[in-house]
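Throw the hints in and build the complete structure from the sequences for me.
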Amino acid sequence: MQSLLAIADPTRRRIVELLAVRERTAGELVEEFDMSAPAISQHLNVLREAGLVVTRAEGQSRIQSLNPAGLDDIETWLQKTRSVWSRRLDALERELRAEDEAKAKAAKKKPSS
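Letter 36 of the sequence shown, counting from 1, is numbered 36 in the working numbering, and no numbers are missing.
Derived from the structure by calculation, the hints contain no laboratory data. Incorrect hints may appear among the rest.
[What the hints assert, rightly or not] Simulated DEER-style distance windows between Cβ atoms:
1) Pro68 with Ala8: 18 to 28 Å
2) Arg94 with Arg13: 15 to 25 Å
3) Ala98 with Phe33: 45 to 55 Å
4) Ala39 with Ala91: 20 to 30 Å
5) Pro10 with Glu93: 19 to 29 Å
6) Leu4 with Lys103: 34 to 44 Å
Using N, Cα and C, we set each Cβ at its ideal position, and we do this for glycine too.
Okay, structure coming up:
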């Protein structure tokens, strides 16, 4: 789950968001943040290692782009988590409805004053 750990950092999440819009050079990414080029480079390395970002050479420039396949681990985790919560919420809803029905039956049985 390296990809989830990588985007736990707000700077790396923002880099992913920026690259989701369009490819950028590292220099363009540096302009978006109040930090040094080496710091952004370190963040990009973490994202590359996690499979979220790919870099290609284009002349003298290195173009950073989002690797959609790198998001698959996160999507799988989200689906599992949603499934668990969905089942739990469904069970809670059944319990609450049963409780409401029991209260309604008890109210009908009470003699009027």
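Hints, one by one, checked against the model:
{"no.": "1", "hint": "Pro68 with Ala8: 18 to 28 Å", "result": "holds (19 Å)"}
{"no.": "2", "hint": "Arg94 with Arg13: 15 to 25 Å", "result": "violated (37 Å)"}
{"no.": "3", "hint": "Ala98 with Phe33: 45 to 55 Å", "result": "holds (53 Å)"}
{"no.": "4", "hint": "Ala39 with Ala91: 20 to 30 Å", "result": "violated (46 Å)"}
{"no.": "5", "hint": "Pro10 with Glu93: 19 to 29 Å", "result": "violated (35 Å)"}
{"no.": "6", "hint": "Leu4 with Lys103: 34 to 44 Å", "result": "holds (43 Å)"}
The earlier numbered hints that this structure contradicts are 2, 4 and 5.
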